[in-house]
Amino acid sequence: MRRAVSLALALFCLAAPPASAADTVNPKADFKAFRDYFTKRFPNVPLNDFVNGPYSMDAELRKQWVEIDAFPPYQFALDKGKQMFDTPFPNGKTYGDCFPNKGIGIRQNYPFFDAKSGEVITLDVALNQCRQANGEEPFDYTKDDMAALTAYMAYTSRGKLFDIKIPNDRRALAAYQKGEEYFYTRRGQLNFSCASCHVQSPGDHIRTEVLAPALGIVAALPIYRSEWGGMGTTSRRLITCNSQVRGVPLKPEDELYRDVEYYLSYMSNGLPISGPGARP
Amino acid sequence: MPALMRLAVVLFATGLATAALAASADGFKAAYAKAEAAENQAGALKNQWTTTEAELKAAKKAADAGNFNDAIKHAQQAEALANASIAQAKEQATAWKNAVVR
Numbered sequence: 002m003r004r005a006v007s008l009a010l011a012l013f014c015l016a017a018p019p020a021s022a023a024d025t026v027n028p029k030a031d032f033k034a035f036r037d038y039f040t041k042r043f044p045n046v047p048l049n050d051f052v053n054g055p056y057s058m059d060a061e062l063r064k065q066w067v068e069i070d071a072f073p074p075y076q077f078a079l080d081k082g083k084q085m086f087d088t089p090f091p092n093g094k095t096y097g098d099c100f101p102n103k104g105i106g107i108r109q110n111y112p113f114f115d116a117k118s119g120e121v122i123t124l125d126v127a128l129n130q131c132r133q134a135n136g137e138e139p140f141d142y143t144k145d146d147m148a149a150l151t152a153y154m155a156y157t158s159r160g161k162l163f164d165i166k167i168p169n170d171r172r173a174l175a176a177y178q179k180g181e182e183y184f185y186t187r188r189g190q191l192n193f194s195c196a197s198c199h200v201q202s203p204g205d206h207i208r209t210e211v212l213a214p215a216l217g218i219v220a221a222l223p224i225y226r227s228e229w230g231g232m233g234t235t236s237r238r239l240i241t242c243n244s245q246v247r248g249v250p251l252k253p254e255d256e257l258y259r260d261v262e263y264y265l266s267y268m269s270n271g272l273p274i275s276g277p278g279a280r281p
Numbered sequence: 188m189p190a191l192m193r194l195a196v197v198l199f200a201t202g203l204a205t206a207a208l209a210a211s212a213d214g215f216k217a218a219y220a221k222a223e224a225a226e227n228q229a230g231a232l233k234n235q236w237t238t239t240e241a242e243l244k245a246a247k248k249a250a251d252a253g254n255f256n257d258a259i260k261h262a263q264q265a266e267a268l269a270n271a272s273i274a275q276a277k278e279q280a281t282a283w284k285n286a287v288v289r
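Residue numbers (my numbering), protein chains in the order written: chain H, 2 to 281; chain S, 188 to 289.
No lab work stands behind these hints: they were computed from the structure.
Since the structure is predicted, the reported quantities are computational estimates derived from the model, not experimental observations.
Beta carbons are placed, not taken as given, at the ideal position from N, Cα and C, and that holds for glycine.
Hints may contain errors.
Said to hold, decoys possible - Incomplete in silico selection of chain H near chain S, CB under 10 Å: (1) ALA30; (2) GLU182; (3) TYR183; (4) PHE184; (5) ASN243; (6) ARG247; (7) LEU257.
Work out the full structure, taking the sequences as your base and the hints as a guide.
Next comes the structure, spelled out in structure tokens:
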């Protein structure tokens, strides 16, 4: 009996994967490897240019961009967002009252880990929390009102450097790792992960689009797309990316969407906010 | 007599038809339940495929039109796709680590 147990134990130990560096969460090491990968693969792209997504990868597209940006198609969203932002709720408070520095120039600090709820809070979620705290209905995370507010907040933060913190809290590290896992997990009938497109193939063409590099990929959100004929929030973008590989998208601002945004934003630390963006 | 016989034939034929119908409808219900159970499991893994959803819809539509053979085919296809998505999720539960940039 005892022999059987020790045999089983021995077998179990053999079967258990060796505890290697791959099994411990180490955001700092991940950060360095991630950045090195992109800067070595694209030595001619200036570090701060990665935040311009597809334009950093393609000279032709870049020329179009210069023309697009002369009359930015997201201007209407900026104007609307500013007006919404400055208009008090019926109780006299404003969005600014919900945020540090009255909400101006703070986009680079989102998402953050909230110790109280134990969850990752994105800017979009913080905005809806603000609305609800002031007796307002939350906005749809995929639609224009949310895009306008986040566009304005990104605009006031342009050039500020991502400064995402992972506090020394088991739950924060777990959220980070879940985000990392989501990013590298293959899904959908086409069996692609986020990394298949945005790490393996940045600069490649998919139909008419040029794939953005994962480094700095969240800096330009929200984004105007001619193809959409309007603005897209972070949720709208992720939902589209999931659908492209024939995967059923998650709910907007699902925990895993927030975690993957947390992971990608941390990977972008030190890079400037460039949103709102405009894409062909 | 011929009239009686005709009636018998008609009755017999209707009996066959309803028997076949009942079997098909039941067959569809069973096939659909299996597909749906697999798709729910994929949902718990947050790994459903849009193609599975499309087959489930097509199965329902065919069944609503009384086309149970097609309905069963679509349901079986949905089940196969759902099972593939479950297998993918289980395989990726550890395999993702090999893809991480290091």
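Tested hints:
1. At its closest, the beta carbon of ALA30/H sits 8 Å from a beta carbon of chain S; the interface hint therefore holds under the 10 Å criterion.
2. For GLU182/H, the interface hint holds, the least distance from its beta-carbon to any beta-carbon of chain S being 5 Å, beneath 10 Å.
3. For the restraint placing TYR183/H at the interface with chain S, the shortest Cβ-Cβ distance is roughly 9 Å, inside the 10 Å limit, so the hint holds.
4. Taking 10 Å as the C-beta contact cut-off toward chain S, the hint placing PHE184/H at the interface holds, the least distance being around 8 Å.
5. The beta carbon of ASN243/H comes within 9 Å of a beta carbon in chain S, closer than 10 Å, and the hint placing it at the interface holds.
6. Proximity of ARG247/H to chain S holds as hinted, the smallest CB-CB distance being about 5 Å (cut-off 10 Å).
7. Annotation: interface hint on LEU257/H holds; nearest CB of chain S at approximately 6 Å, less than 10 Å.
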